[in-house]
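**Q** Here the protein sequences line up with chains A and B, keeping their order. Mapping of the first sequence onto my numbering: residues 2 to 420, in sequence order. Mapping of the second sequence onto my numbering: residues 2 to 420, in sequence order.
Just so you know, the hints here were simulated from the structure itself, not pulled from any lab data. Since we're looking at a predicted model, the values are computed, not measured. Among these hints, one or two may not hold up.
Copies of the same chain look alike in the list, so a pair counts if it works inside one copy or between any two.
Claimed, not checked - Each computed PhoX-like pair below joins lysine-lysine, with the alpha-carbon atoms no more than 25 Å apart:
(1) K332 with K162
(2) K32 with K243
(3) K162 with K243
(4) K385 with K154
(5) K243 with K26
(6) K311 with K32
Protein chains: 2
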Amino acid sequence: MPRSQSNRLSINGERMWATLHDLAKIGGTEKGGVRRLALSALDREGRQRFIDWCRELGCEIEVDGIGNVFAVLRGEDPSLPSVMVGSHLDTQPTGGKYDGAYGVMCALEIARGIRDRGDVPLRTLEIVAWANEEGARFSPPMMGSSVFVGNLKLEDVLAFKDVDGVSIGSELSNDALVARAKGRGPRGIAAYFEAHIEQGPVLEIEDKPIGIVTGAQAQRWYDVSIVGTEAHAGPTPMDHRKDALMGAAELALAVEAVARRQSPDGRATVGTLTIGHPSRNVIPGAVTLTVDLRHPNDDVLGDMDASFRKAAREIAVARGLRIDVGDFWRKPHVPFSEPLMKSLEAIAGDRGFATRRITSGAGHDAVNLAASGVPTCMVFVPTKDGLSHNELESIKQDDAVTGCDVLNAAVLDALNARR
Amino acid sequence: MPRSQSNRLSINGERMWATLHDLAKIGGTEKGGVRRLALSALDREGRQRFIDWCRELGCEIEVDGIGNVFAVLRGEDPSLPSVMVGSHLDTQPTGGKYDGAYGVMCALEIARGIRDRGDVPLRTLEIVAWANEEGARFSPPMMGSSVFVGNLKLEDVLAFKDVDGVSIGSELSNDALVARAKGRGPRGIAAYFEAHIEQGPVLEIEDKPIGIVTGAQAQRWYDVSIVGTEAHAGPTPMDHRKDALMGAAELALAVEAVARRQSPDGRATVGTLTIGHPSRNVIPGAVTLTVDLRHPNDDVLGDMDASFRKAAREIAVARGLRIDVGDFWRKPHVPFSEPLMKSLEAIAGDRGFATRRITSGAGHDAVNLAASGVPTCMVFVPTKDGLSHNELESIKQDDAVTGCDVLNAAVLDALNARR
């Protein structure tokens, strides 16, 4: 189907929005959020609702050993690689209605539109609901897609435990869907699309309804230990202190400055900071803290890393502290597909929607797909105040429909592309 | 007895040092520290050992309702106000051998010297062991002396509870000594002396064996709450953050600078700092921290308070944060007796010991006595590396003997002073 046709095949925005809010009732909280922790009964209920909706359309349901669900709408030529569209249905402990669910419901709406029109696209459409994207109870996040692309081995993951010592394997043995799982069929993937809320403030501030995601930021995470000398707050003059907290404060601000020098793409966060034996009238002798550095460009992130380590050394010398910077985790930049980005930009442009290229700050299942070699792109929609992982997470209906509409056109193009 | 005589009446340093280390065996820890928490069985054992030693000298033992112990060595004229000398016997949970115990053992050695010589000084000597100076399990610290001078009412204190809900009253009901307590006899106090380890590094750094304590620093303690916006560390650009931790870091350094501008006497400590929902990849939305400001001069401390609050306001505006500075507690400067300071300085000078006037950074029972109007002074001895409230707390035998010797001469002068 040529582009000129797909442009007229718009989605049913009211239906998509209503279905999204029907889903949000499962695990819905008093404050308007959602709690559907991965591997919980509510997560299973949400996934079952999604499966029921897909079966109504005639989709075949395939489930793999970690619990990823693929709802398959067969195309005219099932031998061709399929087009995969989706996101995740699990939430943070006090999560919102849109993180993840929005992308899956967009994919469902695309399939419903195809069925409404009685179309049979050239390629097979797969709607995917990735398992345990949030990683809130069982780490790491993006677990389902990591197992899918082979970054994690299923047998290893099944042995992972939560803080109470319960393993993923034992939790999954209670999951009838996974117990009966026969895995996903042997299909290639021509393209992967994911719509998601931005989870940041940029689109809202710039009044752009559509973010075309260029890929994932490179990230480096660190564990920092600062050791000084614990001492009594009263008798110890300022010049004779080796105050680990003051060193930590200086390091936090140095880290912030490192990211500010790489504005607007650099990011630096000190998310945890713990004093060894905190007491109101004791000079802290030991502090641990974490640092999270991000930038879309691997080389720039390398420079940020060097600046951060230099600051740590200088502060240690100036304050007589011992500062150890430990590498906790790192991830290179993952670029998304330039042709898919251009296609989405053209579609949005035709419809008169302003777009902005944006690097994803958060991790997404799409990053696993892209890193594994699947042509991948994401569409972001504005998030009120950039607020996410929060019961107050909110998006505008108009923006949600716009995002779904643009995604729909791109997916239909891909479904009907000969190659 | 004129000064010229008292100078020749030196103490038995070996005996004092040995007795101090005998006492340290009660509650002694593997690492060389002491654990005699107030109101514990070990605390009672330590106090009983002290009482036994005092009874061997013929002291009468008086105990009051909070457990302060007064060992009374009657003078030639019991109608004259007495001279009180002492400190405390309880320790921190992982305390050292010298904090408190040194002062009580100095007082015991002074009494032993009087008995050795068969002297009967003009005035009555009271050796005091104050109850619960540390306040480790039951707050506040300096409880025994606070009840003694009337800052706390006994009936109120008996209802105070530890974190497990056990009251002081119920613990004291198990204490045979307190159960039989008839209180201290109706004597005035001519002077109060206390020897103590410095618990800071100043005397060691300046190589001065004797610190003549000028009084207690004025103190202001604060609870600070900083509220920004919790957000995802990846998608949120640096310019759109309201990072409570970065605000806290800036405030901590501002507070440090406030004290440095009042060098060497100003002190500022951020002893606790807690992030609301700490997570490696979440920008902190809420931080609480405590601030402890000290200076010997009330007016200067008032200026420091104003500078601190101004910094908090400026940081709040610059970073779009809400910063609330709450008053937790405050205490004015308490001066010790200038005549007693001069007397101690003259005695030390006669013996060729270098002295230094020093304001006490830590709280001491002596401060309660001074604030209640009793002419009071303290002698500090150097503490290795300024380390205290620590099992590794250490002092040199020579310094301990020097301190006791100077204190002895001053106490004998006071005991024989007609007025």
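**Q** Go through the numbered hints given earlier and state which of them the structure violates, listing their numbers in rising order.
**A** Going through the list in order, the structure violates hints 3, 4, 5, 6 and respects the others.
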